[in-house]
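Asks: This note's numbering numbers the first residue of the sequence shown as 7 and each following residue consecutively.
Please note that a few of the clues may not be correct.
[As the list claims (entries may be wrong)] In silico lysine to any residue, SDA-like type, Cα no more than 25 Å apart, as pairs:
1) 139 - 59
2) 313 - 299
3) 27 - 295
4) 281 - 255
5) 140 - 57
6) 307 - 265
7) 140 - 162
8) 27 - 108
9) 313 - 228
10) 27 - 37
11) 27 - 47
12) 49 - 63
13) 160 - 202
14) 99 - 228
15) 259 - 302
16) 105 - 72
17) 27 - 72
18) 148 - 59
19) 204 - 276
20) 279 - 267
21) 99 - 63
22) 148 - 166
23) 140 - 21
24) 279 - 308
25) 148 - 206
26) 27 - 53
27) 105 - 139
28) 313 - 293
29) 259 - 206
30) 162 - 220
31) 99 - 20
32) 279 - 251
33) 139 - 210
34) 162 - 94
35) 313 - 255
36) 27 - 214
37) 259 - 247
38) 49 - 14
39) 99 - 112
40) 204 - 133
Because the hints were derived from the structure by calculation, they are not lab data.
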Amino acid sequence: MEGGAMVLADGGVVCIDEFDKMREDDRVAIHEAMEQQTISIAKAGITTTLNSRCSVLAAANSVFGRWDDLKADENIDFMPTILSRFDMIFIVKDVHDEKRDSTLAKHVIGIHMNAEPTAEKTQEGELSLSVLKKYISFCRDKCGPRLSATAAEKLKNRYVMMRNGTREHEQESVKKSSIPITVRQLEAIVRIAESLAKMQLQPFATEWHVDEALRLFQVSTLDAALSGDLSGAEGFSTQEEHEMLLRIEGQMKRRFAIGSQVSEHSIVQDFLKQKYPERAIYKVLHYMIRRGEIQHRMQRKMLYRIK
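Produce the entire structure from the sequences given, and follow the hints as far as they go.
Replies: Spelled out as structure tokens, the structure:
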């Protein structure tokens, strides 16, 4: 029996590229590792639990290969069960900027020309990479900060405010936002605050660390959810949209029974006649296909009901 990446990375960081290309079974398998920091195994009569106390840094592409602002709710194809396990979610867009494009092109060309990279590395910061690694290792071994009483009180108040919802956003959009601010997000902010204190070798995470942790959470997950960039993930949709999707799904299941098939074009046209948005219709079809309830047949012209 050999440990996989999550087990081998115990005590460190596991980096996952092309996260969207992972098999659904593998993606579900890391739920326990990210939540409990363990991997349970029951194979060939062997039942054991392996440690996987590691951080996860994952990168994924949007469904269309490039982020489409006009289809913000269709860019992400992840279940909320996996999204909620990440402390911070950043939407990285390929924005056209002349200065940024010039800097990036210069860097890429410099690497291929074998020019400047070595000189640039020494000028990146005040500490060399080896010294920074030793410092991080020292902080992890020697420092274990906890929230101070004032910081804990401040975080509690901010958490209650976030749970109540961003009222200004709701008034502007005239929609009830269902951004999933749960205990997992609260724990994420605590971890960020404690890690900031650890890098400063502080015994307690102060109000400043909580403020900085909240700022980081704001510019990552919360901003992405408020802007609608995460609305494509189930659990990040507005309440009105969620109710509409449920109505469409209910009618669709009544439309054709298990074991029958129907033309995709005809069913889409029927829902369009009922004044449902085309985007919402295809979103429901996408969810049902992903859950294994229906599948395409005859070169994607027909829909077959499985369950």
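Asks: Now, for every hint given, state plainly whether the structure supports it.
Replies: Quick rundown of the hints versus the structure:
1. 139 - 59: holds, 19 Å
2. 313 - 299: Holds, at about 5 Å.
3. 27 - 295: The given pair, whose Cα atoms are some 17 Å apart, holds under the 25 Å limit.
4. 281 - 255: Roughly 15 Å separates the two Cα atoms, so the pair holds.
5. 140 - 57: Holds. Residue 140 to residue 57 sits at ~24 Å (cutoff 25 Å).
6. 307 - 265: holds, 16 Å
7. 140 - 162: violated, 34 Å
8. 27 - 108: Violated, at roughly 31 Å.
9. 313 - 228: violated, 35 Å
10. 27 - 37: Judged against 25 Å, a Cα distance of about 16 Å means the pair holds.
11. 27 - 47: holds, 24 Å
12. 49 - 63: Violated. Residue 49 to residue 63 sits at ~28 Å, over the 25 Å cutoff.
13. 160 - 202: holds, 16 Å
14. 99 - 228: holds, 16 Å
15. 259 - 302: holds, 15 Å
16. 105 - 72: holds, 21 Å
17. 27 - 72: holds, 15 Å
18. 148 - 59: Measuring from Cα to Cα gives roughly 17 Å; hence the hint holds.
19. 204 - 276: violated, 59 Å
20. 279 - 267: Measuring from Cα to Cα gives roughly 20 Å; hence the hint holds.
21. 99 - 63: holds, 18 Å
22. 148 - 166: Between residue 148 and residue 166 the Cα gap is close to 33 Å, so the pair fails against 25 Å, i.e. violated.
23. 140 - 21: holds, 20 Å
24. 279 - 308: Holds, at about 20 Å.
25. 148 - 206: holds, 12 Å
26. 27 - 53: Violated - the C-alpha atoms of residue 53 and residue 27 are around 29 Å apart, more than 25 Å.
27. 105 - 139: Distance of about 32 Å is beyond 25 Å: violated.
28. 313 - 293: holds, 13 Å
29. 259 - 206: violated, 57 Å
30. 162 - 220: Judged against 25 Å, a Cα distance of about 12 Å means the pair holds.
31. 99 - 20: holds, 23 Å
32. 279 - 251: holds, 16 Å
33. 139 - 210: This hinted pair holds, its Cα atoms lying about 23 Å apart.
34. 162 - 94: holds, 19 Å
35. 313 - 255: holds, 13 Å
36. 27 - 214: violated, 39 Å
37. 259 - 247: Holds, because 18 Å separates the two Cα atoms, which is no more than 25 Å.
38. 49 - 14: Roughly 19 Å between the alpha carbons, so the hint for residue 49 and residue 14 holds.
39. 99 - 112: holds, 20 Å
40. 204 - 133: holds, 18 Å
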